[in-house]
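Asks: Chains as they are written, first to last, in the UniProt record's numbering: chain A, 1 to 306; chain B, 1 to 686.
Just so you know, the hints here were simulated from the structure itself, not pulled from any lab data. Model, not experiment: these values are computed from the prediction. The C-beta atom is built at its ideal place from N, Cα and C for all residues, glycine as well. Do not rely on the hints blindly, as some may be mistaken.
Stated by the list, open to error - With a cut-off of at most 27 Å between alpha-carbon atoms, the simulated DSSO-like pairs for lysine-lysine come out as follows:
#, chain 1, residue 1, chain 2, residue 2
1, B, Lys137, B, Lys105
2, A, Lys157, B, Lys626
3, B, Lys105, B, Lys26
4, B, Lys576, B, Lys588
5, B, Lys105, B, Lys208
6, B, Lys312, A, Lys290
To be verified - Label-pair restraints from in silico Cβ distances:
#, chain 1, residue 1, chain 2, residue 2, range
7, A, Ala190, B, Asn331, 33 to 43 Å
8, A, Glu96, B, Pro476, 42 to 52 Å
9, B, Asp475, A, Glu122, 21 to 31 Å
10, A, Val199, B, Asp212, 26 to 36 Å
11, B, Pro508, A, Val272, 53 to 63 Å
12, A, Gly176, B, Arg27, 27 to 37 Å
13, A, Glu72, B, Asp475, 44 to 54 Å
14, B, Pro189, A, Arg209, 44 to 54 Å
15, A, Pro53, B, Asp338, 52 to 62 Å
What the hints assert, rightly or not - Just so you have them, the derived chain B footprint on chain A, three or more residues with Cβ under 8 Å:
#, stretch
16, 91-101
17, 138-147
18, 221-231
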Amino acid sequence: MKQTAPRSFQEIILRLQNYWADKGCAILQPYDMEVGAGTFHPATTLRSLGAKPWAAAYVQPSRRPTDGRYGENPNRLQHYYQYQVIIKPSPPDLQELYLGSLAAIGIDSSLHDIRFVEDDWESPTLGAWGLGWEVWCDGMEVSQFTYFQQVGGHDCKPVSGELTYGLERLAMYVLGIDHVMDMPFNDPDAPIPLTYGDVFRQTEREYSRWNFEQADTEMLLRHFEDAEAECERILAAAETDSAGRRIVMAHPAYDQCIKASHLFNLLDARGVISVTERQAYIGRVRTLAKKCADAFLRTPAAEEAA
Amino acid sequence: MPDLLIELFSEEIPARMQPRAREDLKRMVTDGLVEAGLTYAGAHALSTPRRLTLAVEGLDAASRPQREERKGPSVNAPEAALQGFLRSTGLTIDQLEKRDTPKGKAWFAVIERPGRPAAEIVAEVLESTIRNFPWPKSMRWGSGALRWVRPLHSILCILSDDAGHEIVPLEIDGIRAGDTTRGHRFLAPEPFSVTSFEDYAAKLKRAKVMLDPAEREEHIWHDATNAAFAQGLEVVEDRGLLTEVAGLVEWPVVLMGRIDDAFLDLPPEVLQTSMREHQKFFSARDPKTGRIEAFVTVANNETADRGATILKGNQKVLSARLSDAKFFWENDLRTVHDKGLEGMAEGLRNVTFHNRLGSQWDRIERIERLARTIAPQVGASPDLAAEAARVVKADLQSAMVGEFPELQGVMGVYYARAAGLPEEIANACRAHYQPLGPNDDVPTEPVSVAVALADKIDMLTGFWAIDEKPTGSKDPYALRRAALGVIRLILTNGLRLQLSRIFAEANPHADAEDLLAFFHDRLKVHLRDQGIRHDVIDAVLAMPGNDDLTLLVRRATALADFLRTDDGENLIQGFKRANNILTQAEQKDGVEYSYGADPKFAETDEERALFAALDAAEAEIAPAMKAEDFAPAMAAMARLRAPIDAFFESVQVNSDNEIVRRNRLNLLSRIRAICLQVADLTRLEG
């Protein structure tokens, strides 16, 4: 079935949602915290652990403070959207499923050059790595395709397949747009047509200024320490609550880990972390991520035999 | 004699791993077959991004039957010994024979191993190959435990001969071997079955798969050069890229596009690097001007619009990349214009070089000091060398090098010119990193030489001071390369440097003696490659002034040449004889015979002739040595050969007359002294 070309940013998102819903994924909503990438959503990090099958897809707003360009760069943003698909165990036809999703948003494989180019994925903050590719469409990277091998220091058994689409870049390509701010956000024929710039130009300017110049670094440092301490404290708590129920609090602890990670990114954007300190901070976040992974594996959601 | 065809069909194999994987597949399978008793006529391995293929021709249909006899325990041995023997042979007692041996009756087992059909052996060998394949990185997928470079989808494994073909019965973790495969992912995705290698290769070609990587490379190069030629351009040769690109496509389609005029003023290195590293494009240049004007990309798809959409997309991506590069370039030029190259280098204060050796800035200050010291010794102006040292690493802080680290040094040259610095300084930005390997050019401009030496010697003495020396195969800071770089800089430019003093000035905490020994080791390797024997080098290293490498090599070369002559070879024998007699006498008498011998005690003509010859030689050798003119000194020494030989021929050193004896020993001592001026000849072998 030939697909008509989508006309707006949101139509591309909607088509991806429908496509993956059709393929049986649970369509989740974005995680309600600041994260650097869709992988940080607990639906990916934690759910890729343990034996229990899982299939989810969602949009995740992602923040990379150092990429802010005050809304002036045609391609770079400090806040952008990723589309994330995670399926455990990875199905044997994952590549075909992925190519089907490209077709769904109007990328006709008989007209384009789609290639899988080696790209091993590693997240030092999450203690995670996997093998896979970056997917190229006509020489442009449109997605990351990864088979998770380890997360939080644990071998992934079974292995999850993860797909990450950089939505703005992909949409700009599909829609033929040169500057992200010019991209139609809703239908260009809508009574009130909005561009990406109408929605995000102002926030890009404001956050770029705050990220680079204004964020209170002492406060950020303090918050980093607080998040770290709270994460450790939550995980050190007894596994049985006051009523005698066994409840391991992996998710609340992981929230603090996510917080610490984002605070580190903000500190990095403010340029107050030296090269040597960098490694130490990343190591601290990784320690938290690993402990959260350990904790998650002790919950029924992981369904790992005790 | 059947032929064997194996295809391991998977998701996309990284291009860089394919050449090695082909070799490994061929080696592991053929070794396994031979070990199991099958011979074959020939084998070749091929690959595409999605398949590893091995064709083995003329394989034995079955292995030969084997008969093995094994002697067991004596018939009187305890039961346990017999049981052990039965277990190890897999036989029962009624299958054993009793035979007479010189030590009495013993059990014998005759084990008949029937020949095994090739299919059975192939199945075992292939399974073990897949399970033990040495991928640099492998993975699991789904719920399985099997490891492969990326998910393995199917195995094709057939034996074929004139009568037809059979599928080798094999199943690995749920993947059953068959006789089917698939064509190109988009152009011919349907599965099809094959009966032989020829059938397989032909059907794949129809299904838009070029199986042979060499054929893909040839095809790409042919089409790329033609496309460029049609536009009056030439493709910049790049073997590595060609191999990589051929590993990314099953059906190469070459497309060429122009680079937007807005980017043509970027340095060619920037265009080329950006296109190569990010897009895997070849560059095409105007053969007259050398300017890069177009790119060649290789797609993996044939489209109805003859690649128009693909080319447009690639062009767009390239423009975005080059806009970035242009932005970096213009930003960097602005920085240079506003703050100068030294201003650009400022940021290096915050970049750690090594946590025990300070920041890059600290390092630059050390290099500057050292370059100033070295400059006059290499014919450079100390001020110019110091100024160069301050800016040669500035480009590490440029936006361009941040994006393309491989352009370090190259960008420095452009930025130094933009800053209006003298050409010698601009050149040093790139040249001070050289020589980068044993085949790289050695800088010869004095300013570049001074900074290149300072850069490398600072690094070596620094890591020596914190005891981070290379050990065995571990050399994380490439210090061996740095030392060889210093050696080549000195020798190529004929520099006369006292390295020990320079080491001490560079870093007083470094063990200069130990570092010099490290240099001597590198030098030995370097000279050995040039055909100079190790004992010749040892003889020369034992001489004073051995931290002057130019002198050292001159001396070694002269000695090596000398030893190749007849006189040289024989003189060494004469010297050794003299030295041996003298050393023994000195040990026996407990004295050193170094008083001048007196010709008045000479008894024979030969003895007197030697006195005269030594006087003549000394008169020639001393000034030659002073002038470091080794060849004439050695020639003079060579003339001693005949008188020394004649002396030993006719004279008994250990005379009964103690005065005569002592005088002769003192005469030998003169021989020794003269010869040792040239090199420590006692260290020569043979």
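Asks: For every hint, state whether the structure bears it out.
Replies: To see whether the hints hold, each was checked on the structure:
1. Between Lys137(B) and Lys105(B) the CA atoms are separated by roughly 57 Å; this puts the pair beyond 27 Å, and the hint is violated.
2. Distance check on the hinted pair: Lys157(A) and Lys626(B) sit about 77 Å apart at the alpha-carbon level, beyond 27 Å; violated.
3. For the hint pairing Lys105(B) with Lys26(B), the CA-to-CA distance comes to about 49 Å; that exceeds 27 Å, so the pair is violated.
4. Annotation: proposed proximity of Lys576(B) to Lys588(B) holds, straight-line Cα distance about 18 Å (limit 27 Å).
5. Between Lys105(B) and Lys208(B) the alpha-carbon distance is near 71 Å, which puts this suggested pair outside the 27 Å criterion.
6. For the hint linking Lys312(B) to Lys290(A), the alpha-carbon distance of about 45 Å lies beyond 27 Å, and the restraint is violated.
7. Distance hint for Ala190(A) and Asn331(B): a CB-CB separation of about 39 Å, consistent with the stated range 33 to 43 Å.
8. Judged by the Cβ atoms, the range 42 to 52 Å given for Glu96(A) and Pro476(B) holds: they are separated by roughly 44 Å.
9. A hinted range of 21 to 31 Å holds for the C-beta pair Asp475(B) and Glu122(A), which are about 25 Å apart.
10. For the hinted restraint 26 to 36 Å between Val199(A) and Asp212(B), the CB-CB distance of approximately 52 Å leaves it violated.
11. Remark: the range hint 53 to 63 Å for Pro508(B) to Val272(A) is contradicted by a beta-carbon distance near 35 Å.
12. Hint check: Gly176(A) to Arg27(B), Cβ distance near 50 Å, so the stated range 27 to 37 Å is violated.
13. A hinted range of 44 to 54 Å for the beta carbons of Glu72(A) and Asp475(B) is consistent with their spacing of about 45 Å.
14. Checked against the hint of 44 to 54 Å, the C-beta distance between Pro189(B) and Arg209(A) comes to roughly 51 Å, which is consistent with it.
15. Taking 52 to 62 Å as the suggested C-beta distance range, the pair Pro53(A) and Asp338(B) conforms, at roughly 59 Å.
16. Three residues within the 8 Å Cβ limit are the bar, and the stretch 91-101 of chain A against chain B gives 3, so the coverage statement holds.
17. Counting residues of the stretch 138-147 of chain A whose beta carbon lies closer than 8 Å to any beta carbon of chain B gives 4, which meets the minimum of three for the stated coverage.
18. By the rule of at least three residues with a Cβ nearer than 8 Å to a Cβ of chain B, the coverage given for the stretch 221-231 of chain A is violated, with 0 such residues.
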